[in-house]
Amino acid sequence: MIHAKYSLSALALALVFAASGCSQKPDEGGDVIKIGSVAPLTGPQTHIGKDNENGARLAVDEINAKGLELGGKKVKLELLGEDDQAEPKTATIVAQKLVDAGVVAVIGHLNSGTTIPASKIYHDAGIPQISPSATAVAYTAQGYKTAYRVMANDAQQGKALGQYAVGKMGARKIAIIDDRTAYGQGLADEFEKAAKAAGGEVVAREFTNDKATDFTAILTSIKGKAPDLVFFGGMDPQGGPMAQQLKRLGLSARLLGGDGLQNVNFLKLAGADAEGVVASSPGLPIDSMPGGPDFRKRFESKYGVIQVYAPYSYDAVYALVDAMKRANSAEPAKVLAELPKVDIQGVSGPVKFDAKGDTMDGAVTVYEAKGGTWQVLETVK
Amino acid sequence: MDIFTQQLINGLVLGSIYALVALGYTMVYGILELINFAHGEVTMIGAMVALTVIGVLMGVAPDLPGLMVVFGGLLIAIPACMALAFGIEKIAYRPLRRAPRLAPLITAIGVSIILQNLAMLVWGRQYVSFPPILPRGQHEILGAHITDLQIFIVVLSFSLMAGLWLLVERTRLGRAMRATAQSREVAELMGVNVDRVISATFVIGAAIAAIAGVMVSAYYGLAHYYMGFMLGLKAFSAAVLGGIGNIAGAMLGGLLLGVIEALGAGYIGDITGGFLGSHYQDVFAFFVLILVLVFRPSGLLGERVASRA
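If you're matching them up, the sequences are chains A and B in order. Last residue of the first sequence: 968 (the working numbering), numbering continuous. Last residue of the second sequence: 335 (the working numbering), numbering continuous.
In case anyone wonders, no lab produced these hints; they're calculated from the structure. Keep in mind the model is a prediction, meaning the values are calculated, not measured. Quick reminder that beta carbons are idealized off the backbone N, C-alpha and C, glycines included. Among the clues, some could well be false.
Output of the computed footprint for chain A on chain B, the stretches with three or more beta carbons under 8 Å from beta carbons of chain A [to be verified]:
no.	segment
1	29-43
2	164-176
3	198-204
4	220-228
5	284-291
Below, a sample of chain B positions facing chain A; criterion: calculated Cβ distance under 8 Å [to be verified]:
no.	residue
6	Tyr153
7	Ser155
8	Tyr252
9	Met256
10	Gln307
Full structure from sequences and hints, please.
Quick look at the structure:
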């Protein structure tokens, strides 16, 4: 009985999907070009996800208002927004849904964890994908000719941090801790390489995990080597207690981290001991972007306050359209051939891709925790 | 030298926390020969309840001194955990008291998973921060740093252990506990209310767990629905190391384990020339557990044979 019920509801579900699939067939006239946009639109990251979609929507609306002509025909862009819930599993489902709906390209996803599994589906379908915010190195290291991004990746961030630590913060003896995750270890490895190349000496390399809370043993061992800087590749739940224990043990070394620490939660968890901690985040603060203030005006009159990555999804759409114009077509194969040649002045800065699909000269901004907020120190390339 | 002293202090504080949680494991095992795997989660619930109360208190009475606020949190968390442990024993363990030994062990793991998920639903997945309201006094001993809170944690766990020992050895309830541990049937024949004694054991262990939970979250500045899992495993290892069922053994095991971990994580990288690193920190506890079970199954101070579990 139960089985019959389930199979009936499954059938109903299949019918619903089939029906919605039908309604999303490409228009016969060929003058509407569908572009997908994927980000979490439900769950704890909803606000950031909606922000990404709005950035892309603003670009699409502007381009439509100006009018776009491809192959001698007037065309109109249409943005199809999808919700991946920040879940890798859902990401692949909505990716397939977009492919079936006949999109010519996808702007997204937001997280590295969703961008990477979805990239295989876009690759197999031969559709270009430009992520506004995924930073994991692995995304563009898969050898897919369809995977692009407009934000600096973790390797670029680690490198910038290593140079900054030695060059600007004057660190000579450096201790490095990482949490053995793909993100933390990757960031720490790149940091180590760059710091050594810049003339810094790595006096300790310690490890923890992404569930740990006690770092006193490794910090004490590090203290014995008297470093003037401790770098942590990891996230805020570990960084917070680490900042506290660092002070408690009487280490004078400063704590430096990546975008895993550069958030409000870290400030809460570290409390008063967050003061003086330096952490970076890929990209630029909106007001330092070449087109930032103007973009803010246009965006906020329509969608309200900018969260984080809206300028990047906006630039991603313009990069895609630049490739379409060069190809004089919206056909995915032709657009893909032109994407490596993209060269535009975006809101966040110049957008150009290297051979892997990473952005060239991605900017990284360094912040310092002061009085309970993150304050911009400077932007490094 | 000051580095070595510091590592010893790190280990002692960590070990005191393990010991506090281990006391709960060892008491229940002493009487029921049951490993109460839900005990780590009771510790977590204690921390979470206390943090919620602390948050409310800080909102209602922002002028209250920090120590009072934390005390207020404890005052609610302790009875909450006691009630929880009473309920767990009644629902998950008592109906299985005459069942094969493996059955209550499995329900214990089940209760632990249920509590973790309940806590996740109630308090969410994110880390909850412990507000910086406790005094931040710091002292220097032989070049090593120690805070007021660390001293308090060590002193507290020694006093609780002493109090527990007095309870078991010097009171009527303690005598009933020991009698129940030796033979449930004979104790019952002598007029001991065995059900009540077993409930009392669970409830006392839970009260200590609540205190331990608050200490852990104050010490590390955060709490999380998952925090009880690793803490419980380490404390269990500590109880086995000291001799499960033995109160002084739980204390000794906890302290030893803390020091072994601190010294191990602190020096392994240097000793092996970087071949093995500090990510082996968590391995030490379980390596010690295996060594003890192989070479001295009754633990350092244990009278009974732990392998019966």
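Which of the listed hints are broken here?
Hint check: 3, 4 fail, others pass.
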